[in-house]
Amino acid sequence: SQTIHQWPATLVQPVGSPLSLECTVEGTSNPNLYWYRQAAGRGLQLLFYSVGIGQISSEVPQNLSASRPQDRQFILSSKKLLLSDSGFYLCACAGETDTQYFGPGTRLTVL
Amino acid sequence: EDQVTQSPEALRLQEGESSSLNCSYTVSGLRGLFWYRQDPGKGPEFLFTLYSAGEEKEKERLKATLTKKESFLHITAPKPEDSATYLCAVQARGSTLGRLYFGRGTQLTVWP
Chain F
1 SQTIHQWPAT
11 LVQPVGSPLS
21 LECTVEGTSN
31 PNLYWYRQAA
41 GRGLQLLFYS
51 VGIGQISSEV
61 PQNLSASRPQ
71 DRQFILSSKK
81 LLLSDSGFYL
91 CACAGETDTQ
101 YFGPGTRLTV
111 L
Chain C
1001 EDQVTQSPEA
1011 LRLQEGESSS
1021 LNCSYTVSGL
1031 RGLFWYRQDP
1041 GKGPEFLFTL
1051 YSAGEEKEKE
1061 RLKATLTKKE
1071 SFLHITAPKP
1081 EDSATYLCAV
1091 QARGSTLGRL
1101 YFGRGTQLTV
1111 WP
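Those protein sequences? They're chains F and C, same order as listed.
Every letter in the first sequence is one number past the one before it in the numbering used here, and letter 63, counting from 1, is 63.
If you want the numbering used here, it's the 1-based position in the second sequence plus 1000.
Calculated directly from the structure, the hints in this document are not laboratory data.
All C-beta atoms in this analysis are idealised placements derived from N, C-alpha and C, irrespective of residue type, glycine included.
A few of these clues could be false.
Unchecked claim - In silico DSSO-like links for lysine-lysine, alpha-carbon gap of 30 angstroms or less:
hint: 1; chain 1: C; residue 1: Lys1059; chain 2: C; residue 2: Lys1069
hint: 2; chain 1: C; residue 1: Lys1042; chain 2: C; residue 2: Lys1057
hint: 3; chain 1: F; residue 1: Lys80; chain 2: C; residue 2: Lys1069
hint: 4; chain 1: C; residue 1: Lys1042; chain 2: F; residue 2: Lys79
As the list claims (entries may be wrong) - Covered by chain C, according to a simulated footprint, are these stretches of chain F (three or more residues, beta-carbon under 8 angstroms):
hint: 5; segment: 15-25
hint: 6; segment: 34-48
To be verified - Okay, the calculated beta carbon distance ranges per label pair:
hint: 7; chain 1: C; residue 1: Glu1045; chain 2: F; residue 2: Asn30; range: 48 to 58 angstroms
hint: 8; chain 1: C; residue 1: Thr1109; chain 2: F; residue 2: Ser29; range: 36 to 46 angstroms
hint: 9; chain 1: C; residue 1: Ser1052; chain 2: F; residue 2: Glu96; range: 15 to 25 angstroms
hint: 10; chain 1: F; residue 1: Val15; chain 2: C; residue 2: Ser1018; range: 17 to 27 angstroms
hint: 11; chain 1: F; residue 1: Ser65; chain 2: C; residue 2: Arg1031; range: 27 to 37 angstroms
hint: 12; chain 1: C; residue 1: Gly1041; chain 2: F; residue 2: Ser17; range: 19 to 29 angstroms
Taking the hints into account, I'd like the entire structure generated from these sequences.
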């Protein structure tokens, strides 16, 4: 079964600073990978998904971007953070089945 | 447009008091319905996948059922450790790359 790692676990950043969140997956090959954001009291919002190296699709226009430099590595980035970027960021992975499995998440606070 | 609605938003139960959580959905064709459990500050943990009306799945004190328009998560004789937020998600037939639509969740608290 797959294992999903995310880091850092928590992050406090000032407005206007850059961001890099990393997600790595073990136990599966060529997975579909997803980035979600979960805001307090709201459902999970899909931000990006990827079917392979270098293949990224965006669901919501915003100042975030994603990259997939390796098969099992997914990175979420921003050049300049906004207050509204605060939230709980989750990476998910789907292998041969439709089921998405989630990582432990990164709590981002933008001040 | 909301495609997944969960109710109630919050539920408080005494230990041993059975109840059900509801997930109603509107999709053109259901490919799968997923239930997850999420503890505070952690990622969602997969519980069940249901694919067709009439299907049921069980795990310990939890049983998930599916009809054409909704799913129920039945909790039998809950314990305090069952306290968590339960999330429901649907996947539509023909969805792009397994896209899931999530509800906002039901926050369950079980007190001793």
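*Which earlier hints can't be squared with this structure?*
3, 5, 7 and 10
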